[in-house]
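Chain by chain, the residues:
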Amino acid sequence: MNRYGLLAFLLISTFLTISAQKNKIEFEEYDLPNGLHVILHQDNSTPIVAVSVLYHVGSKNERSDRTGFAHFFEHLMFEGSKNIPRGEYFQFVQGNGGNLNANTSFDRTFYYEILPSNQLGLALWLESERMLHLQIDSIGVETQRKVIKEEKKQRLDNQPYGSILEETFKRAYSVHPYQWTPIGSDQYIDQATIDEFMEFYKTYYVPNNATLSIAGDIKIEEAKNLIETYFSEIPKGNRKMNIPNVVEPPLTKVIQDTVYDNIQLPAVIQSYRIAPQGTADFYALEMLTTYLSQGKSSILRKALVDDKQSAVFTGAFPLPMEDEGQFLIFSIANMGTSVQDLQHQMDSIINYVQSNIMDEKSFQKLQNQVISNFVEQTSTQVGIAEALANYHVYFDDANLINTEIDKYLAVTPQQIQDVAKKYLNLNGRVVLHYLPKSAQKN
Amino acid sequence: MKNIKFLLFSTLVFISMFAQVDRTNPPKPGIAPKINIGKAESFTLENGLKVFVVENHKIPKVTFSFDFDYPFSVEGEKAGLSEIVGGLIGTGTESKSKSEIDESVDFIGANINSSSREISGSVLSKYTEDYFSILSDVILNAKFEPSELEKLQKQAVSGLKSEEAEPNSIASKVTNSLIFGKNSPYGENKTEQTVKSITLDDVKTFYKNNFIPNVTYLAIVGDINKNQAEKLVNKYLAKWQKGEVTKSDFEFARQPFVRKVSIVDRPNAVQSVIHVATPLKLKQDSKDLFAAKVANSILGGGFTSRLNLNLREKHGFTYGIRSSLMQDELMGSLDISCEVRNSVTDSSLSEILSEMKKMRNELVSAKELDAIKKYMIGNFALSLEQPETIAKFAINIAKYNLPADFYETYLEKIEKVTAEDVQAVSKKYFDPGKIHLIVVGSNEQIGTNLKKLSPNGKINYYDTYGNEVDISAKILPADITAEQIVDKYYEAIGGKEKISQIKDEQVIMKGNVQGYDLEISISRKFPNKFYFLLDLGIMQQIQKFDGKNAMVSGMQGEKILEGEELETMKIESEMNPLLRAKELGIELKLVGIEEVNGKKAYKIDVIKPKNNVTTEYYDISTGLKLQEISTRNTEQGQFTTTIVYGEYKDFNGYKFPASISQSVAGQSFDLTVESYIVNSGLEDGIFVVEKQQ
Chain X
775 MNRYGLLAFL
785 LISTFLTISA
795 QKNKIEFEEY
805 DLPNGLHVIL
815 HQDNSTPIVA
825 VSVLYHVGSK
835 NERSDRTGFA
845 HFFEHLMFEG
855 SKNIPRGEYF
865 QFVQGNGGNL
875 NANTSFDRTF
885 YYEILPSNQL
895 GLALWLESER
905 MLHLQIDSIG
915 VETQRKVIKE
925 EKKQRLDNQP
935 YGSILEETFK
945 RAYSVHPYQW
955 TPIGSDQYID
965 QATIDEFMEF
975 YKTYYVPNNA
985 TLSIAGDIKI
995 EEAKNLIETY
1005 FSEIPKGNRK
1015 MNIPNVVEPP
1025 LTKVIQDTVY
1035 DNIQLPAVIQ
1045 SYRIAPQGTA
1055 DFYALEMLTT
1065 YLSQGKSSIL
1075 RKALVDDKQS
1085 AVFTGAFPLP
1095 MEDEGQFLIF
1105 SIANMGTSVQ
1115 DLQHQMDSII
1125 NYVQSNIMDE
1135 KSFQKLQNQV
1145 ISNFVEQTST
1155 QVGIAEALAN
1165 YHVYFDDANL
1175 INTEIDKYLA
1185 VTPQQIQDVA
1195 KKYLNLNGRV
1205 VLHYLPKSAQ
1215 KN
Chain P
835 MKNIKFLLFS
845 TLVFISMFAQ
855 VDRTNPPKPG
865 IAPKINIGKA
875 ESFTLENGLK
885 VFVVENHKIP
895 KVTFSFDFDY
905 PFSVEGEKAG
915 LSEIVGGLIG
925 TGTESKSKSE
935 IDESVDFIGA
945 NINSSSREIS
955 GSVLSKYTED
965 YFSILSDVIL
975 NAKFEPSELE
985 KLQKQAVSGL
995 KSEEAEPNSI
1005 ASKVTNSLIF
1015 GKNSPYGENK
1025 TEQTVKSITL
1035 DDVKTFYKNN
1045 FIPNVTYLAI
1055 VGDINKNQAE
1065 KLVNKYLAKW
1075 QKGEVTKSDF
1085 EFARQPFVRK
1095 VSIVDRPNAV
1105 QSVIHVATPL
1115 KLKQDSKDLF
1125 AAKVANSILG
1135 GGFTSRLNLN
1145 LREKHGFTYG
1155 IRSSLMQDEL
1165 MGSLDISCEV
1175 RNSVTDSSLS
1185 EILSEMKKMR
1195 NELVSAKELD
1205 AIKKYMIGNF
1215 ALSLEQPETI
1225 AKFAINIAKY
1235 NLPADFYETY
1245 LEKIEKVTAE
1255 DVQAVSKKYF
1265 DPGKIHLIVV
1275 GSNEQIGTNL
1285 KKLSPNGKIN
1295 YYDTYGNEVD
1305 ISAKILPADI
1315 TAEQIVDKYY
1325 EAIGGKEKIS
1335 QIKDEQVIMK
1345 GNVQGYDLEI
1355 SISRKFPNKF
1365 YFLLDLGIMQ
1375 QIQKFDGKNA
1385 MVSGMQGEKI
1395 LEGEELETMK
1405 IESEMNPLLR
1415 AKELGIELKL
1425 VGIEEVNGKK
1435 AYKIDVIKPK
1445 NNVTTEYYDI
1455 STGLKLQEIS
1465 TRNTEQGQFT
1475 TTIVYGEYKD
1485 FNGYKFPASI
1495 SQSVAGQSFD
1505 LTVESYIVNS
1515 GLEDGIFVVE
1525 KQQ
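Line order of the protein sequences matches chains X and P.
For the first sequence, our numbering gives the first residue as 775, with consecutive numbering after it.
For the second sequence, our numbering gives the first residue as 835, with consecutive numbering after it.
Hints may be right or wrong, so weigh each one.
[Said to hold, decoys possible] Covered by chain P, per the in silico footprint, the following chain X stretches (three or more residues, Cβ under 8 Å):
#, stretch
1, 868 to 878
2, 1065 to 1076
3, 1126 to 1139
4, 1197 to 1206
[As the list claims (entries may be wrong)] The list that follows gives simulated cross-link-like pairs (lysine-lysine, DSSO-like), each with its CA atoms no further than 27 Å apart:
#, chain 1, residue 1, chain 2, residue 2
5, P, Lys1076, P, Lys985
6, P, Lys1148, X, Lys856
7, P, Lys988, X, Lys1070
8, X, Lys1211, P, Lys1322
9, P, Lys1208, X, Lys993
10, P, Lys1042, P, Lys1233
11, X, Lys1070, P, Lys1285
12, P, Lys995, X, Lys1211
13, P, Lys1030, P, Lys988
14, P, Lys1148, X, Lys923
15, X, Lys1211, P, Lys1423
16, X, Lys1010, X, Lys976
17, X, Lys920, P, Lys1286
18, P, Lys1322, X, Lys856
19, P, Lys1192, P, Lys1285
[Said to hold, decoys possible] Taking beta-carbon pairs under 8 Å as the criterion, some of the chain X residues facing chain P (in silico):
#, residue
20, Asn857
21, Ile888
22, Leu896
23, Lys920
24, Lys927
25, Asn932
26, Tyr1004
27, Asn1036
28, Val1149
29, Gln1155
30, Lys1211
I should point out that these hints are in silico values taken from the structure, not numbers from a laboratory.
The structure displayed is predicted, hence computed values, not measured ones.
Ideal Cβ placement from N, Cα and C applies to all residues, glycine included.
With the rest of the complex left out, here is chain X:
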C-alpha cells in the first residue's frame, strides 16, 4: 500500500467519526393553508427562543429606479401595525427582555427576535401583526429615509473601502439587478413613496412568500397552536412578484478601473463571475476560497502577507447568491507595495491554483477546515433558525443543516482546480484599484 492510499483511508475514517460526532439538528416543518412555511426546532437546554421570518425578497426584486427599496422597507417593518403604535415594536421585545434585528440581502430579507422562552406568544403576535396589517405613516417614512441615508454614510461613504461591493457589482453586471447593492442610492431612497411601499408589502410580504423558523426552548404542539392562532388568518398573496429572469451575458473582457477613496493604503479588488449557490461548482469554489485564504498557512496569505510582505490583508470571498454571483479577491497593500505589484502577485497565485493540483496533505487540511466551519453555524439558536430557513428557501431542503457537509466533502482536488480554471478568468473579470484621494490628479 502506498502512502497516498493510506492517507486516503485515514481521511475517510476521519469523516465518519466527525459526521457521527456532530449532533443532529432535529426539526419539523409544514405549510399553513395560506402558504406560510413553518420550521420548528426544539432545544430545551437554555430557556430562550429565537423566532425568525424570512421573506423571499431582496434588492434583486427592485425596480432599477427604486434601488435600496427592499432595505428601506425592512426599516418600515418596525414602524408598527394596526394594533402596535409607532415606536412600540422594539419596546415590546426589549421591554420583555429580548433582542431583535433584521437584515436585507440581494435575495432575501430576514427578521428575528430572541426572547426568554415564555414569550414565544409575544414574538408570534408581533411577527403576525406586521405580516397581516403593517401600518406606516409619513412621519415614519421620512424619519427612516434620514436614518437609512445615515446608515449608508456610516457603512459606505465614510468607511475606508466601504464602497467595494457597490463599485464591483455595478461593473460586474450590465443587465442583472445584482448591479446595484441592497443599500441602493440616495437618489432613489429620496423618491420612494408610501403608495409604492404598500404595493411592495402586498406583493412580497405575504405568507406564501415567507418562512417562519423557530428554534429553542419550545414545546412543538404549543408552538403549532400559537402559530395557527396568529398566522392562519393572514390571507395568501396573489400579486405577481418581480423575479428577474434575465441572463447576464458572460464577461469576456477585463473591466479595470481606479476608485479614489478616503484611504491610506491602496488596495486591489478582483471579481469573477461564479456559479449560483448550491451547485456542485459553488461548493468547489468555497473549498477553493478556504485553500486560498483561510488560516495563516493558506497560499494567498502565506505568499502575500508572510513571504513577500506585500499585503497587510488578503482574502477570497465567494458570495453565495441565487443567480450567478461573484468571487471577490481583496488585498490591502503593505507600505511600499504598488497596486501593480500587488495585482501581479495575486494573479500569479491564481495561475498557480489553476495549473497545480493540491497535494493530499493540503486537501486533508482543507476538509478539516471546512468541517470546523460547518459545525459553527449551529452554535446559537438564532443561527439554527436562520440556517434552516435559508436551506428551505434556497434549496427546498431544510435537512441540509445536517447533510450539507457531505456536499463539501464530495469535492475533489481535481474539481477545485477545474473551478479555478473555469471561473477565475483573468481575461473576463473586474479589477479595481483603490487609491488614496491624495493620489488623484485634478
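Once you have looked at the hints, place chain P on chain X.
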C-alpha cells in the same frame, strides 16, 4: 336531534372563538423560566495557573482562552510593545518555525488568535490534544526571530497609516487619550516611531516578565469535561515556570472641570463621529454599580434607549447611538457614541447633553424602569446561551476579587434599583457640564457651530494620535487645488479671459493718516511696468519700475534699486502675476482654510522667486481675495504687511475692492478706492526710471 344541533352549534362557536383571536393586546407570557447560571469547574496548578472549565456538548468543539492579567504599565517610548509581543507569540518556538506552526494549526481546522493580553482559539474536539500541545508550546517556548519582529513592525506601521483614514479608530484613540490621559496605559497611542524603536531584547524581556502562569487565567469551554481538561493542562502546563511581576505607577486623567470640545479634522468627512465621554470614579466593586448600569441602559443601552429614540427615531440624525459604561479594578468611564451627518453635528450633541440633563433632573417613570430591568435581565439570560459567558463570569470573580455570588445575585441587584437610585447615579455620573465632546469630522463644516457648546468658546484640535495641534497649520482641503482657487478668483473679478487682456490699469485711493489726507495712485502696464505715488501733501513717495530699472524716492531722497532689491521690485511689478504663475516661476501652495473677518477662506502661499512669500486668502463662497500678508526683508529689517480687501464693487465690468486697509509695522490706514480704470492707454513716460551716472 336537539342535542346534536346544540353540539354542532357549540362546536362552531368554539371554532369561531378560536379564530377570533384577540389581536389588540400581546398574549400573556407563560411562567418565567428560571435562569440557571451554569457552573464553571475550576482548579489551580502548583505554578499558580487558574483554570476554569465549562462543559457543553452542543457542538463538537473546544475553545481555549488564556487571559494574561499582568499589571498595566505605561509603555511610553516603546508604546505598542505589549501588542507586538502578543502578535509575535505564535511566530516561532524552540522547535518550530512560524510556517510549521501555521501549517499544523490549520491542518486540524483550528486557529490561534493572539493579542497583548489574550491568546485563544478553538478546535474540533477530536483534535483537542493535538491543538493544546501546539498552543502550550507556542506560549511556553516562544522564540522571537528578528525577521518576524521586523515583519510585525512593518505591518503595525502600515496599520497605523491605514487607521489614519478610519474615522472610528481615530475617534476611539483620541477619546481614550483624552479621557484616560496620554500618559496612562489606557490612553497612550503607539506611533510609527515608538513601534520602530522596539528591539528584540525589549520583546524577550517583556515576554519573560509577564507571560507567567501565576497571573494567568485559562478558560476551557465546550466538548470536554473537567477530568479531561485537568489531565491535559497538567501534562502540558505543569512545567510552566512561575515568576514575579512588578507593578508600576501611573496616573489616569481626571474628569474635566468644564465641558471641553475637541475636534479631529477630517476635511472630506461626510459624517461626524461623535463621542461624549469622561473618566469616572466607578469600579467593578462600586456600591452603586448596578444603579449606574440601569441608568446607563435607560440613557443609551438598547434600541429603545432615550438617546436612540431621540436621535434616531425622532430626529433621524443617526443610524444608531449607544452609551457604554466601563469599569474594571482600576477605573471607569462613560462613552456615548454615534455617527451623524455633518449638518446635524451640533444639534446631536445638544440633544445628547439634554438627555443627560433629563436623567439628572427627572425621576424615571415606574413603567420605563420596569421595562429596562426586564430588558437587562432578559439580556443577561440570553448571554448564557454562550457557554463562554459562564467561564467569563468565573474569571471575573477571581480576577476582580468579587463576591462568589456576584453573578448569581446579579438579577436581584438589578431588580432592587429604584427610580431614586437612578437619579442619584445620574447626578453623580452624567454631568453634561463636566464632559468631553469629541468629534472626528470636517472642521470647515462643523467647527463654527460647535463653538457654542464650549463654555469658553474654545475648541481644541487634535491629530489622529490625540496630540493637540494648531488648526491653522493643519486643515488642508483635498477637493480643490491652489490653481483652481486662483482661477475662481479671476472668474469672480471679471473673467479670466478678460483679465488676461488688461494692457494697463490705474487705481486711485484716498485715506487719512495721522490727521493728514492721503492719496495713493498705482499704475501698471503689461507686463511689468509699475508706478506708485503716495501723496501726503507735505511729502510724496514714489516707486517705479520700467521693466528694467527701478527707483524709490521719498523724504530720504532718491535711490536706484540694485541687486536683491531690484529683483524683488521686478517680481512685485508684474501685472496679475498669478495668471502666468508657471512662466514667472511662481509656486502656489494651498495651506489650509481659515476665517478672515468671519468669512471662511482658502489660504494660499504664493511663493515667488527669491523665496518671497505672500500668503493670500480667498473667500470660499465668492472666490474673491480677502486678505494678503507678506513679509519682506529690507535694509531696515523685516516688515510684515497685511492688506485687507473690503467689499468688492463694479468698475465698468471689473470688480475691485471699494476699500482697502493696510497695516505695516504696527501702523494701519484705511483707504477708499476712488477709481479703477482699465485700458486707458497709459503712456510709458510715467514709468521711466532715469538712471543717473
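Requested in this report: Check each numbered hint from earlier against the structure, then list the numbers of those it violates in ascending order.
Outcome: When the structure is compared with the hints, numbers 4, 5, 11 and 18 turn out to be violated.
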